[in-house]
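Next come the chains, spelled out residue by residue.
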Amino acid sequence: MSVTLVLGGARSGKSALAERLTRQAGPSPVYLATAEAWDDEMRARIAQHRETRAGQGWHTIEAPLALARTLAAAPPGAPVLVDCLTLWLTNLMLGEHDIETHARDLIAALDRPGDTVLVANELGLGIVPENALARRFRDAAGRLNQQVAARADHVVLVAAGLPLVLKGAPPL
Amino acid sequence: MSVTLVLGGARSGKSALAERLTRQAGPSPVYLATAEAWDDEMRARIAQHRETRAGQGWHTIEAPLALARTLAAAPPGAPVLVDCLTLWLTNLMLGEHDIETHARDLIAALDRPGDTVLVANELGLGIVPENALARRFRDAAGRLNQQVAARADHVVLVAAGLPLVLKGAPPL
Amino acid sequence: MSVTLVLGGARSGKSALAERLTRQAGPSPVYLATAEAWDDEMRARIAQHRETRAGQGWHTIEAPLALARTLAAAPPGAPVLVDCLTLWLTNLMLGEHDIETHARDLIAALDRPGDTVLVANELGLGIVPENALARRFRDAAGRLNQQVAARADHVVLVAAGLPLVLKGAPPL
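Protein chains in written order, with my numbering: chain A, 3 to 174; chain B, 3 to 174; chain C, 3 to 174.
It should be emphasised that the hints constitute simulated quantities derived from the structure, not laboratory data. Only a predicted model underlies this, so the values are computations on that prediction, with no experimental measurement involved. Careful: at least some of the hints might be erroneous.
Stated by the list, open to error - Which residues of chain B face chain A? A few of them, derived with a C-beta cut under 8 Å, are:
#1 126
#2 127
#3 155
#4 159
#5 166
#6 168
Said to hold, decoys possible - Below, simulated DSS-like cross-link-like pairs (lysine-lysine); rule was C-alpha separation at most 27 Å, straight line:
#7 169/C / 169/B
#8 169/C / 169/A
#9 169/A / 169/B
Claimed, not checked - According to the in silico footprint, chain C covers these stretches of chain A (three or more CB under 8 Å from chain C):
#10 7-18
#11 22-31
#12 55-66
#13 89-95
Think of the CB as a built atom: it goes at the ideal place given N, C-alpha and C, for glycine as much as any other residue.
Modelling step: build the complete structure from the supplied sequences, incorporating the hints.
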């Protein structure tokens with residue numbers, strides 16, 4: 003049961019690639035959404051995305067925080083797409099949760115009876131942010147990406163919609 | 003007739019690589035400049051660059067906005083270098099032009115009787131900008147890069163002057 | 003005697019990879035640290051890192067500015083790790099030293115009787131910084147990375163702890 007990490011920048015096409023990889027992994031894919039709605043506009047947008055995916059055969063589960071537990075409860079055999087780790091990390095930091103513990107639990111939860119594809123933002127390749135919180139977030143995201151990449155079977159970096167293989171070419 | 007997209011960060015060496023690829027593509031290369039002079043200093047610098055290139059056999063055409071039309075009017079057979087898409091996008095956004103239409107026209111104009119090399123900035127790999135306009139620009143640049151990359155025969159990402167092939171290795 | 007440049011973003015795992023490459027290059031490795039302590043907290047952290055490395059057989063030399071001279075004085079045959087070029091550039095800019103001269107001297111000093119591994123930040127892949135000094139720094143870092151990459155035998159870009167080979171695969 004393989005684990006794939008899809009890294010990329012903003013509007014890099016990483017989610018589209020990750021969706022494609024998940025659908026190729028088997029029927030009845032699960033979309034594990036970590037985005038949290040902060041206002042009515044976002045609630046409406048999230049609901050619309052959910053409906054679009056439902057029409058394509060996806061089952062959506064929202065897990066802004068309890069990612070490990072939700073992964074463990076996913077149907078055996080079903081491919082799961084986690085979109086995305088960076089929003090999950092944002093939620094953890096805003097709620098002042100312990101990141102190390104949550105990261106460890108996530109890594110353990112990847113040992114599940116089904117393929118898992120995870121999306122994450124690569125955001126460490128710009129200038130050092132002036133904002134201290136942004137620097138802390140950038141460091142935490144870099145560490146989380148390294149931990150998941152070390153566990154993953156396949157890692158790709160997406161730019162302009164195209165994948166660069168960092169580890170174990172996935173079945174693209 | 004091939005289309006090559008050269009992506010890269012600031013001072014990555016992307017323009018130098020793109021110039022080399024364009025010159026290799028044939029004689030009488032055309033330099034399609036999208037930079038717009040905002041003051042005398044920039045006007046002087048642009049004029050100087052233009053003269054340097056003229057000495058190397060380039061014909062320079064300025065097209066801060068009318069990129070598709072200028073490409074369509076380029077001499078048949080001549081290799082054209084577009085430097086760069088990201089400045090063109092800046093000009094479109096500042097002038098409140100319709101980006102979708104311009105992007106579609108650009109893609110269509112790449113079907114020309116000659117090789118085309120396009121330079122663009124990859125700028126989505128840093129932290130989320132605090133400035134809302136910067137976020138909108140970053141999203142638009144990412145989408146444009148994806149559209150051109152999908153149409154291109156060759157795509158490379160340049161870092162420290164060195165190319166990483168994302169699609170169909172160009173004749174480096 | 004090979005020269006290796008390890009590029010990467012914040013928390014990308016670039017230093018860990020560079021340490022591994024340096025240790026593989028031979029016994030008695032030298033750690034050439036360019037970080038400068040600005041306060042007691044940083045002084046304590048630097049001292050602690052130094053002690054940890056000493057326990058692993060590293061000899062640490064601090065060279066916040068005199069990088070070329072320190073490299074030239076390194077024990078013949080010993081592999082040297084320079085961590086990192088970007089902090090060195092920061093020190094040069096803050097002290098208003100001539101960057102071109104220092105860069106030229108550094109390149110010359112890489113012709114030494116031993117392998118050299120250099121770490122540098124890739125920081126040009128985000129949005130254009132609003133701060134003018136940050137833009138100047140980003141440009142200078144990009145130019146320095148290009149110069150060192152042109153001289154290097156091996157260049158890798160690290161993301162999420164994983165290397166992408168840009169030039170001459172190193173013995174990973």
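Evaluated hints:
For the restraint placing residue 126/B at the interface with chain A, the shortest Cβ-Cβ distance is roughly 3 Å, inside the 8 Å limit, so the hint holds. Hint status for residue 127/B relative to chain A: holds, with the closest Cβ pair at about 4 Å, below 8 Å. Annotation: residue 155/B was flagged as interfacial toward chain A, and the flag is violated, the nearest CB pair being 12 Å apart, outside 8 Å. The beta carbon of residue 159/B is positioned within 8 Å of a beta carbon in chain A (closest approach about 5 Å), and the interface hint is therefore held.
Interface hint status for residue 166/B: upheld, as the beta-carbon distance to the closest one in chain A is roughly 6 Å, under 8 Å. Interface restraint check for residue 168/B: the shortest CB-CB distance to chain A comes to about 4 Å, inside 8 Å, so the restraint holds. A hinted pair counts as satisfied when its Cα atoms are at most 27 Å apart, and residue 169/C with residue 169/B qualifies at roughly 18 Å. The suggested pairing of residue 169/C with residue 169/A holds, with an alpha-carbon distance near 18 Å, which does not exceed 27 Å.
Between residue 169/A and residue 169/B, the direct Cα distance comes to roughly 18 Å. Compliance with the 27 Å bound is thereby established for this hinted pair. A count of 3 residues in the segment 7-18 of chain A with a Cβ less than 8 Å from any Cβ of chain C is obtained; the coverage claim is therefore met, three being the minimum. Coverage of the segment 22-31 of chain A by chain C is violated [criterion: at least 3 residues with CB-CB distance below 8 Å; count 0]. Look at the segment 55-66 of chain A against chain C: 0 of its residues bring a Cβ nearer than 8 Å to a Cβ of that chain, fewer than three, so the hint is violated.
Chain C is given as covering the segment 89-95 of chain A, and this is violated because 0 residues of the stretch bring a CB closer than 8 Å to a CB of that chain, at least three being needed.
Of the numbered hints given earlier, the model fails hints 3, 11, 12, 13; all others are met.
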